[in-house]
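Novice: Sequence:
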Amino acid sequence: MSDLPRKAVTRTAKLAALPLGIAGRATWGLGKRIGGKSAEIVARELQQRTAEQLFKVLGELKGGAMKFGQALSVFESALPEEVAGPYRAALTKLQEAAPPMPTRTVHSVLERRLGEEWRELFLEFEDKPSAAASIGQVHRAVWHDGREVAVKVQYPGAGEALLSDLAQLSRFARLLGPLIPGMDIKPLISELRDRVSEELDYELEAQAQRAHAAEFADDGDVVVPDVVHQSDQVLVTEWIDGIPLAEVIADGTPEQRNRAGQLLARFLFSGPGRTGLLHADPHPGNFRLLPEAGGWRLGVLDFGTVDRLPGGLPRTIGESLRMTIEGDAEAVYELLREEGFVKESIELDPDAVLDYLRPIIEPAEAEEFTFSRGWMRNQAARIADPRSPAHQLGKQLNLPPAYLLIHRVTLSTIGVLCQLGAEVRLRDELEAWLPGFLPEAEEEEGEDRAVRV
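Residue numbers (the numbering used here): 337 to 789.
Don't read these hints as lab results, they were simulated from the structure.
Please note that a few of the clues may not be correct.
[Claimed, not checked] Pairs of lysine-lysine residues, derived as DSS-like cross-links and limited to a Cα-Cα distance of at most 27 angstroms, are as follows:
1) 679 x 522
2) 679 x 731
3) 731 x 522
[To be verified] Label-pair ranges, simulated between beta-carbon atoms:
4) 453 x 733: 54 to 60 angstroms
5) 543 x 680: 26 to 32 angstroms
6) 576 x 441: 25 to 31 angstroms
7) 651 x 466: 40 to 46 angstroms
8) 695 x 455: 53 to 59 angstroms
No experiment lies behind these values; they were computed from the predicted model shown.
Yeah, the Cβ is synthetic: ideal placement off N, Cα and C, and Gly gets one too.
The task is simple: from the sequences and hints, build the whole structure.
Specialist: Laid out in structure tokens, this is it:
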């Protein structure tokens, strides 16, 4: 039997069971309410049971189902603590592991892609995978020149499974909405589906990783392992040891949390300007904290999904942030209208738009900001509450296609920072790396500072 169920009927049956299960639990919840339990308690129990089943199925299926689960997992900070607690472990597990494919399948892929004598390329090869993700799994090995390497092997049929899963998930996305308050699930699934072909192409991934490895080769803060060998369905890169970010989130010291958070923010905002690429899969499984003499560096993995930004991050982002901090409602509104965030057919109150944005950009305004699950929950609740002005205004704003992936990556990174509970000097990173955040007169000084950093 194949390690990755490829027959559409097999995978569809498992995914189709999810909405049936959700409907069944809704009936169960109605019975509980009739029996005297409060609506709030019943809703909490329903959310817990739904999440437990959802992430169990997603982890078993891998493919697009697991990719969706990983993307969703970084937003668990937005959930009420009494709900998030019981299944946080299930979410985190999706970031680091999945059931492995059989050894014989791994060997078969290596033989087809590296040749019948593939073992001669390695001094050592561990059959047991060190990590398994949505479209492939990683094996630790020693390359023929003595370098320790990570060998990423793509699951047979991964492309078909990805598309099938995401199509099926999109059909009942509405039912999953309550899991993450304030977040529209369907656009997330659509955007993941649009990226499928890129993520399956290991040549594109190798190009993106090589670009980052070259740019960060002498960096004191970020480590990107270089590509050793690439072929269709197999990618060999240098191995890096370190503490998985999921472990830092679970058990890290304040020093580790703060350092990881600062470096994650630095990598997010510096990467596009330095490489023309935005790492677009910022879940904890793709990061390691590496001990160094006198400090820590951030190891970055998996460049299968990137946004190509030849000019770096758009100046509009930095300019609108700066104007919002300055309280210039009219200027912010005009800039958002020019860029398509406010459609021509809609008229909004500039002061109301400013009021909507100010709480969200609080981390950029402070000299140092402590990200927390509580802050994330408050933001989610403010935007999700149908009775709030923020909810009504948010529904009228538009997200232009060019900003879709940037928006998701930024939100995901903020979600990870909140999981870390990190104290971050975010404003320092914005001044150093984000075009337009400083007034033009100060921008040249900011660029000099970026070089020094």
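Novice: Against which earlier hints does the structure fall short, listed by number upward?
Specialist: Structure breaks hint 5 only.
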